[in-house]
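**Q** Read off the chains here:
Protein chains: 2
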Amino acid sequence: MVECSTDEIADAIRAYDGVTRKRAIGEIIESLRLVTPNVPVSFGDDAALIQNGDSGLLLAADGIWSRLLDADPYWAGFCAVLVNVHDIAAMGGTPLAIVDILSVKDSDVCHEVLRGMYEASAKFCVPVVGGHLHPDAEMNVIDVAILGSVNPEYAIFSHTAGEGDRIVAAIDLEGRIHPSCALNWDSATLRTAEEVRAQIRVMHTLGTDKLVSAGKDISNPGVIGTLGMLLETSRKGASVCLDDIPRPDLDAIGITFDHWVRMYPGMGFVVTVPAESVDRVLELFSGVGMAAADIGVVTDSQKLIIRHGDAETTVFDLKKQGIMGIPTDN
Amino acid sequence: MVECSTDEIADAIRAYDGVTRKRAIGEIIESLRLVTPNVPVSFGDDAALIQNGDSGLLLAADGIWSRLLDADPYWAGFCAVLVNVHDIAAMGGTPLAIVDILSVKDSDVCHEVLRGMYEASAKFCVPVVGGHLHPDAEMNVIDVAILGSVNPEYAIFSHTAGEGDRIVAAIDLEGRIHPSCALNWDSATLRTAEEVRAQIRVMHTLGTDKLVSAGKDISNPGVIGTLGMLLETSRKGASVCLDDIPRPDLDAIGITFDHWVRMYPGMGFVVTVPAESVDRVLELFSGVGMAAADIGVVTDSQKLIIRHGDAETTVFDLKKQGIMGIPTDN
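In the order they appear, the protein sequences are chains A and Y. In terms of my numbering, the first sequence is numbered consecutively and its last residue is 1166. In terms of my numbering, the second sequence is numbered consecutively and its last residue is 1166.
Just so you know, the hints here were simulated from the structure itself, not pulled from any lab data. One thing to keep in mind: the hints can contain errors.
Note that identical chains are pooled: a pair holds if it fits in a single copy or bridges any two copies.
Only pairs whose alpha carbons sit at most 30 Å apart, straight line, appear in this in silico BS3-like list of lysine-lysine [said to hold, decoys possible]:
#1 K1156 / K941
#2 K1155 / K941
#3 K1046 / K1139
#4 K1155 / K1046
#5 K1139 / K1156
#6 K1155 / K1139
I would like the entire structure built from these sequences, with the hints used as guidance.
**A** In structure tokens:
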């Protein structure tokens, strides 16, 4: 049950710094844009697609929020690998190798970070193949980049959602609120290696079977914030029914719905799906233990609207203000 | 002319933190090592080689020392791209794309970093295709990762120097001490795009023509420190004649020889070369405006010895203590 009003939930999502801290991205894109023929897709997607002869390579980078690193360095190290593996999976790709860049102030923290990275690297079978170390930093920072491969014909993008497509959210609910971080849902440390690898491979299947029009892994901005980023890149809007968003028993775990929709779900994707493929997409997610549901529809309004009963609220009017502020001709 | 004694120069190199800060690398390698069949070479080389079907991919990461970022954010941004391009070039590869991870405390610094990154990206024609931004960091950090490609058959490694091979150092002397950083020699900002791209491509030619047994780009540890890292990975030693190391007119620019050998040369490589190929290697470097010289020989002693006149000093006894402390069975 959704116990807050749509206005309250929209406010909570808009004000959440997991969302607001995405705003400076557009300016950076402007500064660095260099047109080259072999990079058909770059900023705004989870990974850049680089054409290398006939094959496609994916390159992505992610840093770990210092808030998480302070709270739990082991989990931060685990997440550094997890979020990068998700960036490649979200594009329908196969992760190949990771490099890490560690700034280390405190060697105990460093050991825990490395332990977490190693565990995730082994669990997802993606080796950490090198990197760089700043041994004398003023603060601890973990940055990770990942290489993947994808057949460009079957890649999944963020900018290709189509009007009228259904929106499917899929989250692994067999988890827990992470003990160190109330805004992280953790299923990946509890699942076996085979289980998490199967979950990651679903996106590859969605790509090769051409079942989705666009997709993204659900990251720090949560399910609605991530959908907003996808819509911004696609220059579309959406109408989302809050009651349909997959969720665990919130009363049992003692959190509110507006808390849940802001969480980083650990293993979650949001995809846009032509109506005829929705059943197959739900079935594939469900086959790997992920709760998936049709939560709404893509519109041409460039507004992300949430609905609950008869009430509805515009969370983002992307024509007026984007979440990332990505330049319009990108 | 070398005006210090070999002992003084050896002390200066050993004590230089550009060298000493490499020591924690071995421990990190131990923590993260995951054996996977598609990664024949990883830690200890400038980039990891990843087998992707028949082709080879290179993945490397480098961070920019906060000391440089504080001194000159534009130059730090330029260097972030420069050092990563060098990591791929050093392997005989072709750089394809870069991702950056910026931690930003101060937006003025960020703008200058981006300006420097963009200039280098355009000059070397390697696009920055994405990345991650921490907009609310406690300090400014630039980390960059790079993807390249190489035919595995023609890749240049660090661990393959052979006993009796000659050592060639090549540095672009048409430069200046960087005004913001006394330990950086800068030629790349002064050269045209065509010139720097030709210098980068020389390593690719050395690889495809099978002219070198091993190689590395000269980085923060300077020419002797970088050679030491190559020898550590190859489990070899060397005897180096200091008088033969390429240098600008040191009196004219007002620095001492021990300062010069610790400098980051901006565009420099050290390669090991079977005797019969030395002339051709010198010719190729010289053809792109780089001063190259045969500076010594690879030995089986695992000691890096510098010589000047009749004096000689062991700078590193790599059997006793490695520069990186890389595990022996790596």
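**Q** Against each hint, give a clear statement of whether it holds in the structure.
**A** Right, here's what the structure says about each hint:
1. K1156 / K941: Result: close only across copies, 27 Å inter versus 42 Å intra.
2. K1155 / K941: Intra 43 Å, inter 29 Å, cutoff 30 Å: inter-copy only.
3. K1046 / K1139: Within. Shortest intra-copy distance 26 Å satisfies the 30 Å Cα cut-off; inter-copy 59 Å does not.
4. K1155 / K1046: within (29 Å within a copy, 56 Å between copies)
5. K1139 / K1156: within (9 Å within a copy, 65 Å between copies)
6. K1155 / K1139: Close inside one copy (7 Å), not across copies (65 Å); limit 30 Å.
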